[in-house]
Amino acid sequence: AQSVTQLGSHVSVSEGALVLLRCNYSSSVPPYLFWYVQYPNQGLQLLLKYTTGATLVKGINGFEAEFKKSETSFHLTKPSAHMSDAAEYFCAVSERGGSNYKLTFGKGTLLTVNP
Amino acid sequence: EAQVTQNPRYLITVTGKKLTVTCSQNMNHEYMSWYRQDPGLGLRQIYYSMNVEVTDKGDVPEGYKVSRKEKRNFPLILESPSPNQTSLYFCASSRTGTSGGYTFGSGTRLTVV
Numbered sequence: 001a002q003s004v005t006q007l008g009s010h011v012s013v014s015e016g017a018l019v020l021l022r023c024n025y026s027s028s029v030p031p032y033l034f035w036y037v038q039y040p041n042q043g044l045q046l047l048l049k050y051t052t053g054a055t056l057v058k059g060i061n062g063f064e065a066e067f068k069k070s071e072t073s074f075h076l077t078k079p080s081a082h083m084s085d086a087a088e089y090f091c092a093v094s095e096r097g098g099s100n101y102k103l104t105f106g107k108g109t110l111l112t113v114n115p
Numbered sequence: 116e117a118q119v120t121q122n123p124r125y126l127i128t129v130t131g132k133k134l135t136v137t138c139s140q141n142m143n144h145e146y147m148s149w150y151r152q153d154p155g156l157g158l159r160q161i162y163y164s165m166n167v168e169v170t171d172k173g174d175v176p177e178g179y180k181v182s183r184k185e186k187r188n189f190p191l192i193l194e195s196p197s198p199n200q201t202s203l204y205f206c207a208s209s210r211t212g213t214s215g216g217y218t219f220g221s222g223t224r225l226t227v228v
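For the protein sequence lines, the chains are A and B, in the order given. Here the first sequence stands for residues 1 to 115, numbered as in the working numbering. Here the second sequence stands for residues 116 to 228, numbered as in the working numbering.
Misleading hints may appear alongside valid ones.
Simulated coverage check for chain B against chain A, where a stretch passes if three residues somewhere in it have a Cβ under 8 Å from a Cβ of chain A [unchecked claim]:
1. 151-164
2. 185-193
Straight-line distance between alpha carbons at most 27 Å, and here's what the computed DSS-like set of lysine-lysine pairs gives [claimed, not checked]:
3. Lys-107(A) to Lys-172(B)
4. Lys-49(A) to Lys-69(A)
5. Lys-172(B) to Lys-184(B)
6. Lys-49(A) to Lys-184(B)
Each pair of labels, with its calculated beta carbon distance range [what the hints assert, rightly or not]:
7. Pro-154(B) to Glu-71(A): 44 to 54 Å
8. Gly-62(A) to Arg-224(B): 42 to 52 Å
9. Lys-184(B) to Gln-45(A): 20 to 30 Å
10. Ile-192(B) to Ala-1(A): 41 to 51 Å
Bear in mind the hints are in silico, worked out from the structure with no lab data behind them. Note that CB positions come from ideal geometry on N, CA and C, so glycine has one too.
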C-alpha cells in the first residue's frame with residue numbers, strides 16, 4: 001500500500017525566507033504526485049502535480065516541487081514566503097494505473113509566516 | 116464556474132439521527148469520492164464511485180453509505196451518526212485517470228453530540 005510522510009507537522013518561517021516543506025512517499029512504482037493547499041475554512045486547492053516528464057514542476061503562487069526518484073521525495077519550495085502563504089499543505093500520491101483513482105494524503109504541514 | 120458543491124457547510128446533530136450530506140459537481144466527472152479530515156490524521160477516503168451505479172469502499176467506510184444515481188450527485192448518508200463521526204468532510208471529483216488530481220468541495224463540518 002502506498003504511504004506519504006510529511007516531515008514536520010508545523011513549519012514556521014519569516015516573511016521573505018525560503019519555504020521548504022518535505023514529502024516522501026513509499027511505493028514500488030513512482031506514483032503521480034500532488035501538493036494541495038488548504039486555507040482556513042476552505043477546501044483543498046491543487047498547487048502543482050507531477051505526472052511525467054520534467055522532474056521540476058512549477059505551480060501556482062510561486063511554488064515549485066522536484067520529483068527525486070532515488071530519494072522517493074517530492075519536496076515543495078518557494079524562494080520567498082509571503083504572509084498570504086500561511087495555510088496547511090498536503091502532499092498526496094496516486095497509483096499509476098490503479099483501479100481506484102484514490103489520492104493518499106500525508107498528514108499535512110501547517111505553514112506559519114511571521115512578519 | 117467549474118465546481119463541487121457540498122451542503123450543508125455546517126451541521127450539528129444528535130447521536131442516531133439520520134442525515135445526508137449532498138455533493139454535486141458540474142464538470143461531468145466520472146469519478147467522485149468522499150474524504151474525512153481529522154487533526155493529525157490528514158484526509159482518509161470513505162467511499163468512491165467510478166461512475167453511475169458503481170460505488171466502493173475506501174479506507175474508513177464503517178457507518179457511512181453512498182449512492183450514485185446520477186452522474187453529478189454523490190450524497191453521503193449517515194444512518195445512525197455517532198460522536199466519532201464528528202469530522203470535516205470533503206467531496207471531490209475527477210475525470211477518470213489519476214493524472215488530473217481532484218476538484219474538492221468547500222467541506223462540511225459535522226458535529227455529532
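Structure-based check of all given hints:
Coverage of a stretch by a chain is defined here by at least three residues with a beta carbon nearer than 8 Å to that chain's beta carbons; for the stretch 151-164 of chain B and chain A the count is 7, and the condition holds. Counting residues of the stretch 185-193 of chain B whose C-beta sits closer than 8 Å to any C-beta of chain A gives 0, which falls short of three, so the coverage hint is violated. Our distance criterion of 27 Å between C-alpha atoms is met by Lys-107(A) and Lys-172(B), whose separation comes to about 21 Å. As the CA atoms of Lys-49(A) and Lys-69(A) are separated by approximately 15 Å, the hinted pair is consistent with the 27 Å bound.
With a CA separation close to 17 Å, the supplied pair Lys-172(B) and Lys-184(B) stays within the 27 Å bound. Our distance criterion of 27 Å between C-alpha atoms is broken by Lys-49(A) and Lys-184(B), whose separation comes to about 31 Å. Taking the beta carbon of each, Pro-154(B) and Glu-71(A) are about 29 Å apart, not inside 44 to 54 Å as hinted. For the hinted restraint 42 to 52 Å between Gly-62(A) and Arg-224(B), the CB-CB distance of approximately 30 Å leaves it violated.
The beta-carbon spacing between Lys-184(B) and Gln-45(A), approximately 29 Å, falls within the hinted interval of 20 to 30 Å. Separation of Ile-192(B) from Ala-1(A) is about 27 Å and departs from the stated range, judged on CB atoms against 41 to 51 Å.
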